[in-house]
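Residue strings, one per chain:
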Amino acid sequence: MTKFSRRKLITTGLVAAAGVAGLTAADRIARRYGLIPPDGGGIFGPGETLTYAAQRLLTRHSLAREFPRSMISKAPFRNETAPPSDAFKRLEAGGFADWRLTVDGMVAHPLTLSLSDLRALPTHSQITEVVCEEGWSYVAEWIGTPLSGVLEEAGILPQARYIVYRSIEPDWWESIDMADALHPQTFLTMGMNDGELPVGFGGPLRLRVPRQLGYKSVKYILRLTATGSMKHFGKGLGSASPEAGYAWFAGI
Amino acid sequence: MNAPRHSALVRVTHWLTVIAFLALLVTGLELVISHPRFYWGETGNVNMHPLFSLPLPTSRDTINNGYGSNMPDQNGWSRYLHFEAAWAVVLTGLVYCIAGLFTGHFRRDLVPAPGQRSPRAYFQRLAQYLHRSPPDTGEATSYNVLQRAAYLGVIFVLFPLIIWTGLALSPSFNSAFPVGVDLLGGRQSARTLHFFITWALVLFFVVHIAMIALSGFWSRTRAMITGRAPAQQERR
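Sequence order for the protein chains is A and B.
Be aware that the first sequence starts at 13, since it is given in the working numbering, and climbs by one per residue.
Be aware that the second sequence starts at 350, since it is given in the working numbering, and climbs by one per residue.
These are computed hints drawn from the structure, not numbers from a lab.
Backbone N, C-alpha and C define an ideal beta-carbon position, used for all residues, glycine too.
Possibly wrong hints are sitting among the right ones.
Unchecked claim - The following label-pair restraints were derived from C-beta to C-beta distances:
#: 1; chain 1: B; residue 1: PRO421; chain 2: A; residue 2: GLU164; range: 39 to 49 Å
#: 2; chain 1: A; residue 1: ALA33; chain 2: B; residue 2: GLN473; range: 44 to 54 Å
#: 3; chain 1: A; residue 1: GLU164; chain 2: B; residue 2: MET573; range: 55 to 65 Å
#: 4; chain 1: A; residue 1: ARG18; chain 2: B; residue 2: ARG571; range: 22 to 32 Å
Unchecked claim - Listing some non-contacts, in silico: residues in chain B with all C-beta distances to chain A over 12 Å:
#: 5; residue: ASN396
#: 6; residue: PRO404
#: 7; residue: LEU440
#: 8; residue: VAL460
#: 9; residue: SER482
#: 10; residue: SER519
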């Protein structure tokens, strides 16, 4: 039989103590540098925190892959959306002339912008891939204005840590951290493949977050809210996704 | 008692990997049924021809493959668990590899012994298996050359490949390391390869269990838990 010698016992104790101390220190550092996601609790919390922290250390500034025009998908898949609400139908009937994007929360001057206000801002385009968590994907050209410009114009405050964005569909809201919100490829998108953004693909206004899965690129955006904490939004898990069982950070 | 058949390092990392592997397998197959179509290249969706499509009922009605779409949608927790288990495999593998180098585990237990590195040695041991002749006495305390090759292949080829192809499915990771996905021929190729490598691991898993069953399931399992090899006379 193996006997536990005193030496072995002491070594095991020291290793365990070092492990606990190491984890506590790691937790403090992760909190200090904002490396814990809003859904970083519960049984999947350790995995989510490792993923989010590793991604933020490796990918804070990296650019999503862009593709040549020849790789734009001939038959992109629009995915299913809920039937349009009466409010959406009314706005659509008016050619979306009355569509308004509100920017509020931790900003110096809250804004209300029409689509033509947004079109007057610098327009950029990117040819990036939409990746669904189910596994399918397509490449398209997305035309819009970087979210960072709109946030700048609203005078985003330095305490802001997340941007919450809401769809005209009341149950559909998301949030991203400032690394993604200020990322040059995060667009308020109004055009696709040289045309208007079709309703099926999120028109008239979709927030494209190309470094994350499709479900973070919410369609029919009405409101942006800057906040320092996700605590008071929904169940405090960061977005509607964790409330439905899906990860808040969808970069993987 | 002499030295344990399996060191504590091997035993602990073995069972952690078993738990994580099963979690990855179940959740991975669960994710597949939300889109059981596979493609080659960068993009692929229901508007495109698949490389192949699995005859399975699906969990999403975006797929219309004639097998129905009434499977429960479990992607939320499956994704959470898949990535948590992936971290468990990666961290366990790191500990195992670093310790394996320092303790000489790889050199002593897994790299074929000097006299055993010719193709002849492999064929000889294979013939022994096929004739069902009893193993040499040395095999009670050490792996034969085919076992060594299989374990090295799983540890240093299949696991790195499954991790690589899995990471290549992360749009965020790809933004920092685009060469990872580009080398595999695109995102959908990476997904298809991830699926194939899963089956290679499953094949190893099935053969591994079968060989354990043939050589005495409980005595082998006990050896991997307690570290002690069964007495010679227990062997069939």
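Here is what the structure says about each hint:
no. : hint                               : result
1   : B/PRO421 with A/GLU164: 39 to 49 Å : 45 Å, holds
2   : A/ALA33 with B/GLN473: 44 to 54 Å  : 52 Å, holds
3   : A/GLU164 with B/MET573: 55 to 65 Å : 59 Å, holds
4   : A/ARG18 with B/ARG571: 22 to 32 Å  : 28 Å, holds
5   : ASN396                             : 4 Å, violated
6   : PRO404                             : 17 Å, holds
7   : LEU440                             : 8 Å, violated
8   : VAL460                             : 28 Å, holds
9   : SER482                             : 34 Å, holds
10  : SER519                             : 4 Å, violated
Going down the numbered hints, you'll see the structure goes against 5, 7 and 10, while the others check out.
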